[in-house]
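Same order as they appear, the protein sequences are chains A and B. Residue numbers for the first sequence follow the numbering used here, beginning at 1 and rising by one. Residue numbers for the second sequence follow the numbering used here, beginning at 1 and rising by one.
In short, the hints are calculated from the structure, not lab data. All values reported here derive from a predicted model rather than from experimental measurement. Quick reminder that beta carbons are idealized off the backbone N, C-alpha and C, glycines included. Be aware that a few hints might be false.
What the hints assert, rightly or not - Derived CB-CB ranges, DEER-like:
1. T234(B) x A188(A): 48 to 58 Å
2. A285(A) x N489(B): 35 to 45 Å
3. N489(B) x I301(A): 36 to 46 Å
4. A162(B) x L308(A): 20 to 30 Å
5. K468(A) x R31(B): 36 to 46 Å
6. V462(A) x N209(B): 48 to 58 Å
7. N64(B) x T65(A): 48 to 58 Å
8. G158(B) x A35(A): 53 to 63 Å
Said to hold, decoys possible - No more than 30 Å apart at the CA atoms, straight line, and that leaves these computed lysine-lysine pairs for BS3-like:
9. K182(A) x K340(A)
10. K448(B) x K301(B)
11. K434(B) x K448(B)
12. K502(A) x K368(A)
13. K53(B) x K485(B)
14. K166(B) x K385(A)
15. K122(A) x K368(A)
16. K386(A) x K166(B)
17. K385(A) x K24(B)
18. K368(A) x K386(A)
19. K340(A) x K201(B)
20. K24(B) x K386(A)
21. K201(B) x K301(B)
Here are the chains, one letter per residue:
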Amino acid sequence: MLTAPSLTYSLIAPILIVLGGALIGVLVEAFLGRAHRAAVQLTISIGTLLLALQQLWRIRDLSSTTAAVNSVTIDKAGIFLQATVVVLALVAVLLIADQDNFVAQASAVPGSNEEKSSLQEKSQQTEIFPLFLFAVAGMMLFPVAADLITLFVALEVFSLPLYLLAGLSRRRRLLSQESALKYFLLGAYSSAFFLFGAAFLYGYSGTISISGISTAVGSANNVFLLIGIVFVSVGLLFKVGAVPFHSWTPDVYQGAPTPITGFMAAATKVAAFGALLRIFYIGFAEEQALWRPLITVIAIITMLFGSLVAIAQRDVKRMLAYSSIAHAGFLLSGVVALNKDGLAASLFYLFAYGLTTLAAFGIVTLVKDSSGEVSDLNRWTGLGKKSPLVAAAFSFILLSFAGIPLTSGFIGKFAIFSAAYKSGNISLVVVGVLSSAIAAFFYIRVIIMMFFTDPINDSVSVIIPSVKSRIAIILATVISVVLGVMPSLLLNAATTYANFIK
Amino acid sequence: MSLLTIVGGLPLLGALIVALIPSKSSELIKRVAFGATLAIAVASIFLATGFDKSITGMQYVQSNTWIAAFNINYAVGIDGISLVLILLSTILVPIVILATWHESDVGRWGTKSFYILILVLETMMIGVFAATDLFLFYVFFEAMLIPVYFLIGGYGTGNRSAAAVKFLLYSLFGGLLMLASVIGIYVIAGNQIGATFDLTKLATLQIDNTTENLLFLGFFIAFAIKAPLWPFHTWLPDAAKAATPGTSVLLLGVLDKVGTYGMIRFCIALFPDASKTFTPLIITLAVISIIYGAFMAIGQKDIKGLIAFTSISHFGFITMGIFAMTSQGMSGANLYMVNHGFSTAALFLVAGWMMMRRGSSTITDFGGLQRVTPVMAWTFFIAGMSGLALPGLSSFVSEFLVLVGTYTRYPVAAVIGTLGIVLAALYILIPIQKTLHGPTTSGNENLKDLSLREKIAISPVILIIVVMGFYPKPVLDLINPTAEKVVVNAGFTDPIAKMGK
Chain A
1 MLTAPSLTYS LIAPILIVLG GALIGVLVEA FLGRAHRAAV QLTISIGTLL
51 LALQQLWRIR DLSSTTAAVN SVTIDKAGIF LQATVVVLAL VAVLLIADQD
101 NFVAQASAVP GSNEEKSSLQ EKSQQTEIFP LFLFAVAGMM LFPVAADLIT
151 LFVALEVFSL PLYLLAGLSR RRRLLSQESA LKYFLLGAYS SAFFLFGAAF
201 LYGYSGTISI SGISTAVGSA NNVFLLIGIV FVSVGLLFKV GAVPFHSWTP
251 DVYQGAPTPI TGFMAAATKV AAFGALLRIF YIGFAEEQAL WRPLITVIAI
301 ITMLFGSLVA IAQRDVKRML AYSSIAHAGF LLSGVVALNK DGLAASLFYL
351 FAYGLTTLAA FGIVTLVKDS SGEVSDLNRW TGLGKKSPLV AAAFSFILLS
401 FAGIPLTSGF IGKFAIFSAA YKSGNISLVV VGVLSSAIAA FFYIRVIIMM
451 FFTDPINDSV SVIIPSVKSR IAIILATVIS VVLGVMPSLL LNAATTYANF
501 IK
Chain B
1 MSLLTIVGGL PLLGALIVAL IPSKSSELIK RVAFGATLAI AVASIFLATG
51 FDKSITGMQY VQSNTWIAAF NINYAVGIDG ISLVLILLST ILVPIVILAT
101 WHESDVGRWG TKSFYILILV LETMMIGVFA ATDLFLFYVF FEAMLIPVYF
151 LIGGYGTGNR SAAAVKFLLY SLFGGLLMLA SVIGIYVIAG NQIGATFDLT
201 KLATLQIDNT TENLLFLGFF IAFAIKAPLW PFHTWLPDAA KAATPGTSVL
251 LLGVLDKVGT YGMIRFCIAL FPDASKTFTP LIITLAVISI IYGAFMAIGQ
301 KDIKGLIAFT SISHFGFITM GIFAMTSQGM SGANLYMVNH GFSTAALFLV
351 AGWMMMRRGS STITDFGGLQ RVTPVMAWTF FIAGMSGLAL PGLSSFVSEF
401 LVLVGTYTRY PVAAVIGTLG IVLAALYILI PIQKTLHGPT TSGNENLKDL
451 SLREKIAISP VILIIVVMGF YPKPVLDLIN PTAEKVVVNA GFTDPIAKMG
501 K
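Construct the complete structure from the given sequences, taking the supplied hints into account.
Put into structure tokens, the structure is as follows:
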């Protein structure tokens, strides 16, 4: 007799809700008239995300390793990460809702008559909403996946929509499509690496479950384990943009529509670091002597490389891309710390950094000239004179990235470095503060350009943002300010929720 | 809530009020800002009158949980050393505002932002001297860079944005090194006595030698950049040249004192053994600073650059007095911090008026001012005399104490340091001769003498310089007990027992 598999719907409901919302979105695309689609899609997306958040709140104290037939582990840290993804998605969707960042008709060849007519018709590409929701669902599954197969499925579920979304920029379409292709090809490679490693881990331990691997550690020839760890790490490090697997980051960040870049930079980091933390804290913790030196070295070169190369950037989106690489290095310090403080610090950092990043890219969408967004930093000169509020907000965000006290970035950095120091990785702390000093240079240079330099031309201006973008940017900035002054609000939660179960 | 918190919070309140005034009424903004800082100065004098000199511990203490996860507290309190530095800050700010009434008119962003920045800075200056929680201190220490950065970059002259960036990057670099040390000591505390940032508790830690030396260096380099000690000084002349005179007064008079204050409060108190290890090196750097600063000052063609380099020389004296580890040296260094604040203020403010009138900061552009503008010339003369530590003016007492205190332990350093006094006569007297005496250079004939506002602004500074020269006892009474406590806690005894006074 067959017994029904135990799914424990309530625990996976947040993911299911988002997937459901995405499917409804697809149906809306198919059956609803063009005129109402955008509004309906936005409502569905926001509603779905709010519903998912509410369900996460209801299950906040529950935990289980057996949900969805043992393929999902719901624990405190998992719920925190999922909630972070949903909150970031809620802010991001408001930015995405500003349609003029996206191509009017994705299938039209750049420069063709078809494209022109679709622009004249003011047709809108509303598929982005269901695609976005699919990506969110994948990101929610990624940090709670309990076995390598689920992990891989989640990886693909959130990556594929992102590959598509990256190619949908309205302006500089060729650049955008090129970046999408690059992202897709490299992403496919990294997925292959991941699968390759997963196969080795399976061969080594005879199981695909992460906790099963940790119990199998020490039972057989270490070489297979090492190969498995290395290749799985390559796949995951690619997603977080760690050196030397970072080369897609600047191109994709620059080419993708800015709201998507913001969403990718913020939420992908949360999901991928969530998975990294789980797999290293649970799966490989017993074999730490094998991988900790490796990840330490990667963290060090990631921090230094990101900070150093960012100095040479002249494009604000590329600069933010390299800054995100440096931040990936800081976050890897939390992975290497391998203690409860490290986990708590990473959770705080991911939330705070994600919101700040969204605010940063949100502001980038506002700086425009007649032909669209201007990301060339030289043309940002004198912005502080034209729109002091926007420039002040962006300066605050940059100071937060730089980790100046009284910003959320400082608290995150302090938390992560003290966890790393506690675990004995003093070299990481020293390199961390040094690269922060290097990074401060290019953040401050942007502030100089905005405030201390006179505008060289009048063509660049800050557009008046729509209500949606305004809500998103103000919300993200205000939360960043609050988290800098009163970090306890989130730190206490992060400390309470810093718990993985096997 | 302790009175200290109220005094520290008042400038923020003032900033809020200024923010609510419409930008157009710039005269009203100035008056409100001046009134607010004057009220704060009065409040801080209340703080001093309520201070019990017989207690060497912290007073006006207050502690509230801030970030529970790391056991970080909003913990403040003052002893004699911090009290005199807070008084220095709160008294200088209204004087600066009154003296440089029109300074904000020509900046990039107008009057309102200028005074908001000044008021926010004042809160941080009080906070940095009042913090008894290491983390809280660090937050003020780093956060105060931002208003100064905007004050230099937005309202300065010449190559202001480059100077502002240089200042910020140097300070940030030092601050981040210090952050590594702060994290280190926090983690060590966590292993030994439980995570804490409380200064008195941190002082009880047992740290092995290598770690202690490294942690000490993290703090010391940060403070040596701040207080500019040779070879970490290169940002200061640029910043002082680019900043407005008022900002320079606050920068050299108060902010740089955070460096020397930090050496006393953190380097020596938390790492006494490492302090001993590094003392010879630090004394050497201090002596080099004294001589180097003096020689560079002699060669300056720019008045602002001149004052900046004299300050580097003076900071050498202060550092030497601190690390001589004698009670006279320590008291002298503390007194020096206050006196240097006022004499630099006098020099910079008068120099600022001279430059504003002449439209130039080159020394040779002036000449014969004594005849044209006698009041301005006399104030500049007195300020200069205080800078070269003429007996009877305040700096003399402190310089004498520092040298005596150093001589008992490091006679050679003290003797070389004395050379600095000789050189001081050169770097002060030559510019005074060039600017005030001799024939009136063309272009200077019609310069106006000090206005009533300027006279009112400078008179308290001159008064303090003279009174403290003859009667430094009230301030020394505040400083002495704490200074002795610092030396004793660090495990030193005076080489020559103190004579009864």
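Status of the hints after comparison with the structure:
Separated by about 51 Å at the C-beta atoms, T234(B) and A188(A) satisfy the suggested range of 48 to 58 Å. Between A285(A) and N489(B) the CB atoms are about 44 Å apart, so this pair conforms to the stated range of 35 to 45 Å. Between N489(B) and I301(A) the CB atoms are about 43 Å apart, so this pair conforms to the stated range of 36 to 46 Å. For A162(B) paired with L308(A), a C-beta distance near 21 Å keeps the hint of 20 to 30 Å intact.
For the pair K468(A) and R31(B), the supplied restraint of 36 to 46 Å holds, since their beta-carbon distance comes to about 43 Å. In this structure the supplied range 48 to 58 Å holds for V462(A) paired with N209(B), their Cβ-Cβ distance being about 56 Å. Range check, N64(B) to T65(A): Cβ separation about 41 Å, and the 48 to 58 Å hint is violated. Distance hint check: the CB atoms of G158(B) and A35(A) are about 60 Å apart, consistent with the given range 53 to 63 Å.
Restraint check: the Cα-Cα separation between K182(A) and K340(A) comes to about 37 Å, which exceeds 30 Å; the hinted pair is violated. Distance check on the hinted pair: K448(B) and K301(B) sit about 23 Å apart at the alpha-carbon level, within 30 Å; holds. Our distance criterion of 30 Å between C-alpha atoms is met by K434(B) and K448(B), whose separation comes to about 19 Å. Between the alpha carbons of K502(A) and K368(A) the distance comes to roughly 50 Å, so the proposed pair goes past 30 Å and is violated.
Between K53(B) and K485(B) the alpha-carbon distance is near 13 Å, which keeps this suggested pair within the 30 Å criterion. Among the hinted pairs, K166(B) with K385(A) is consistent with the structure: their alpha-carbon atoms are about 23 Å apart, no more than 30 Å. Distance check on the hinted pair: K122(A) and K368(A) sit about 20 Å apart at the alpha-carbon level, within 30 Å; holds. Distance check on the hinted pair: K386(A) and K166(B) sit about 26 Å apart at the alpha-carbon level, within 30 Å; holds.
For the suggested pair K385(A) and K24(B), the alpha carbons sit about 17 Å apart, so the restraint of at most 30 Å is met. Only pairs whose Cα atoms come within 30 Å are accepted, and K368(A) paired with K386(A) is accepted, the gap being roughly 13 Å. For the hint pairing K340(A) with K201(B), the CA-to-CA distance comes to about 25 Å; that is within 30 Å, so the pair holds. As the CA atoms of K24(B) and K386(A) are separated by approximately 18 Å, the hinted pair is consistent with the 30 Å bound.
A threshold of 30 Å between alpha carbons decides the hint, and for K201(B) with K301(B) the separation of about 50 Å lies outside it, so the pair is violated.
Taken one by one, the earlier hints fail for this structure at numbers 7, 9, 12 and 21, listed in ascending order.
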